[in-house]
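Q: Chains as they are written, first to last, in this note's numbering: chain A, 1 to 651; chain B, 1 to 183.
These aren't lab readings, by the way, just hints derived from the structure by calculation. Keep in mind that the hints are not guaranteed to be accurate.
As the list claims (entries may be wrong) - Cut-off 20 Å, straight-line C-alpha distance, at most; resulting in silico cross-link-like pairs (EDC-like, lysine to aspartate or glutamate): (1) A:Lys335 x A:Glu269; (2) A:Lys79 x A:Glu156; (3) A:Lys414 x A:Asp200; (4) A:Lys444 x B:Asp114; (5) A:Lys534 x A:Asp581; (6) A:Lys444 x B:Glu116.
To be verified - Just so you have them, the derived chain A footprint on chain B, three or more residues with Cβ under 8 Å: (7) 7–16; (8) 55–64; (9) 68–81.
C-beta atoms are modelled at their ideal positions from N, C-alpha and C, and glycine is treated no differently.
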Amino acid sequence: MIPELGHYALALATVIAFAQCFLPIWGAHRRDARLMAAAGPLAVAQLLALAVSCFALVYSSVVSDFSVTNVYENSASTKPLIYKITGAWGNHEGSILLWALILGLCGVAVTLRGGGLPSSLRARVLGVLGGTSAGFMLYAVLLSNPLLRTWPAPTEGQGMNPLLQDPGLAVHPPILYLGYVGFAVPFAFAVAALLEGRIDAAWGRWVRPWALLSWCFLTCGIALGSWWAYYELGWGGYWFWDPVENASLLPWLTGTALVHSAIVVEKREALKIWTVLLAIGTFSLSLSGTFLVRSGILNSVHSFANDPDRGVFILGLLAIVIGGSLALFAWRAPKLAEGGLFAPLSREGALVLNNLFLVSICTVVLIGTMYPPFADLLFGAKISVGAPFFQATVLPLVVPLIAAMTIGPVLPWKRAQLAPALQRLWWVALIALAVGAFAAIGWKLLPGIAFGGAAWLIVGSLAEIAERIKLFRLPFRQSVARLGGISPAVWGSAVAHAGFGVTVAGIAAMSLATSVIVSVPVGSVEHVAGYDWKLVSLETLPGPNYISRQATIDVSRNGKLVTIMRPARHSFTSQQITTTDTAIHTMIYADLYAVLGDESGGNAVLRLHYNSGAPLIWLGGLIMALGGVASLLDRRLRVGAPARRAVAVTA
Amino acid sequence: MTLRRHLLYAAPLAIAGIAGVSFLAMLRRMKTGAFDPHDIGSPMDGKPIPNFTLPAPGGGKGFSTADVLALHRPVLINFFASWCAPCIDEAPNLVALAPQIPIWGVAYQDQAPDTERFLAQFGNPYQRLGADHDGYTAINFGLYGVPETYLIDPTGIIRARYAGALTGDIISGSLMPLVRGMS
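Take the sequences, apply the hints, and build the full model.
A: What follows is the structure, given as structure tokens:
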């Protein structure tokens, strides 16, 4: 009965979403206050119905109701409870439902926080959100329904993909989706502004917190995904330029550009049309990334069930959402007035430069990702594009981006002179050069440049704060007192830029990581990166729904025990799949990383890594997101934009 | 001026439109089987290996078609690269397979120091090693990507091709039965 209830609620939510799309937009067009006011209650009703539907799916999974096809295909009664819950969104059908639920949440958030919006803008934003929801839920109901029954009911499920049976992956999709779907709100604001035919500084102020919040989630989501690949795939790498990874990087790049260009709209009423295009583009990339991966057009090492029929439906949906908004853009944007002139050398100019670099990187990654299927379609050529292409094309664009990131925040608005800015930054440049030269002589040129860039970013951010509190120019006590006076937006940009610096440092250090692959008997000792790794024992252990083969490795340095590592291989009983369980010992500046491979003739294959800098990569991502949250707090003080949720999540 | 402005603002729509139509064509062909990013066909199956002479990664002699033919034994030619993540996954399987059949490696579009570091880290299963710097030999083989492995019979005919990493299942289920059938 419960699945039917959920099925029903999903259909109801779809109908409500269609109403939420048409009534308010029609009302805004006719200036009918009653129709416009319907948007809020409809958004709440849609979310309630969706919540019932999601509950039904999670419930069916928890009680192992294998008459529900989706539960039968993706679950098993032996699966631990936590994965029965999280497994509900670990598959295609469930993930679409999660996607719709988050979109519904966005609608309600706009309803609750959008009290200060002009009623017609609010109605149009909610209408656009409703329309997007409606499309996805229609897809869920017609082609990807997670609540359909199968008859006769099987007594046992087929089990879950063991790679997904992992705590990291339980939280990864919701956070990544919050990022992807969150960009639906700036998108809705952009489309609503095009419908209204008017954009001003206030519009920039309303859009920016939503873009920032989504950006924070997307940043965390990508960092988590990269971390998951690092410890679960057991290859010792963190980024493989795989289409799935690129699909999440593309909206992050344009989203980062959006977060910056929205500042210019808000402060200077310039770059308005560009910002609207970025808002549309970011959400379009989020949507198409999901489509390309799920439809199987892109060949990925992460495999998903592919279904061209579903692909055609989603493509139609994309044509309406993306094509419709871009057509509206082509029609209305030329009529929008541009304002706010500025000299090329100014804060605005620096932000434009940042946008240019980010969008260029995005274009390069997009071309690298899309070239194989297009080459196949047009020339019948089978080509794969790998890391060398991305490294050769992205790196030259990142270097000037990093250079500009520290100079930009010290430039004044409207018109600036380079000399005073450089005067403030000469000692930062000196430190960066020293660090870079030191690293380049000690190791190699490329990591040296990267370390120098990281120092430039981190020290540059500190310099920005030092400048604000007039450190060394006022008595120390007064300087400290001024710390509290710095606006959260300044903290935000300093922290986020420093966070990027930490990530760059991590990537640079990771390029110097060392590892060996050995086939050794129990009792033997390996020397890697100054550590002694002793294989103490190999044993077989039972798990909840797998059998595990575990190695115990004592790692010591100069005779002193550092840690005991236990890498393992899990053989899942319900599927013929073996996964590796990496053992990682984190020391913040580096990871010790061990993987157990196959065994033959009493010897076990071990892969032992010393991953210098690895934790910094994700720590930097987290710091970047914290910077975003700090920036959000600024909005709340001034205009009461949403910040409460963001704080609660990161806490 | 205004026409240019309108054209400029319509450009994103045009790009999205072209992409959309292309995706539709891909989906259509996926249905009929004409477009399948996972199935890469094997035009070289049953044909003699192409003519090539490869240097070793650091310079010097690698191996050539004549060397393969002179072997008179089944041999695997494995294309790999240090920049390829699935190759790392494949490495232990190749190391385990090496005692059973000669494996000759081709480092595909790779720098010699990177190749050496890769082999030092993840094991070297290769009896002989060649470097395909410009990728021409790969084109003659009809390489789809790395890793990719070709099974050559004692007369120099390509008997099978495996795109992607060789897994234990592929080795025991498909590769080794073919090898056993040859001797």
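Q: Hint by hint, note whether the structure agrees.
A: Verification of the hints:
For the hint linking A:Lys335 to A:Glu269, the alpha-carbon distance of about 16 Å falls within 20 Å, and the restraint holds. The suggested pairing of A:Lys79 with A:Glu156 holds, with an alpha-carbon distance near 11 Å, which does not exceed 20 Å. For the hint pairing A:Lys414 with A:Asp200, the CA-to-CA distance comes to about 18 Å; that is within 20 Å, so the pair holds. Simply put, A:Lys444 and B:Asp114 have alpha-carbon atoms about 14 Å apart, close enough for the 20 Å limit, and the pair holds.
Simply put, A:Lys534 and A:Asp581 have alpha-carbon atoms about 18 Å apart, close enough for the 20 Å limit, and the pair holds. Restraint check for A:Lys444 and B:Glu116: the C-alpha separation of about 17 Å stays at or below 20 Å, so the hint holds. Under the rule that three or more residues need a Cβ within less than 8 Å of chain A, the assignment of the segment 7–16 of chain B holds, with 5 such residues. Residues of the segment 55–64 of chain B lying with their CB closer than 8 Å to a CB of chain A number 0, which falls below the three-residue condition for coverage.
Residues of the segment 68–81 of chain B with a Cβ under 8 Å from some Cβ of chain A number 1, which does not satisfy the need for three, so the listed coverage is violated.
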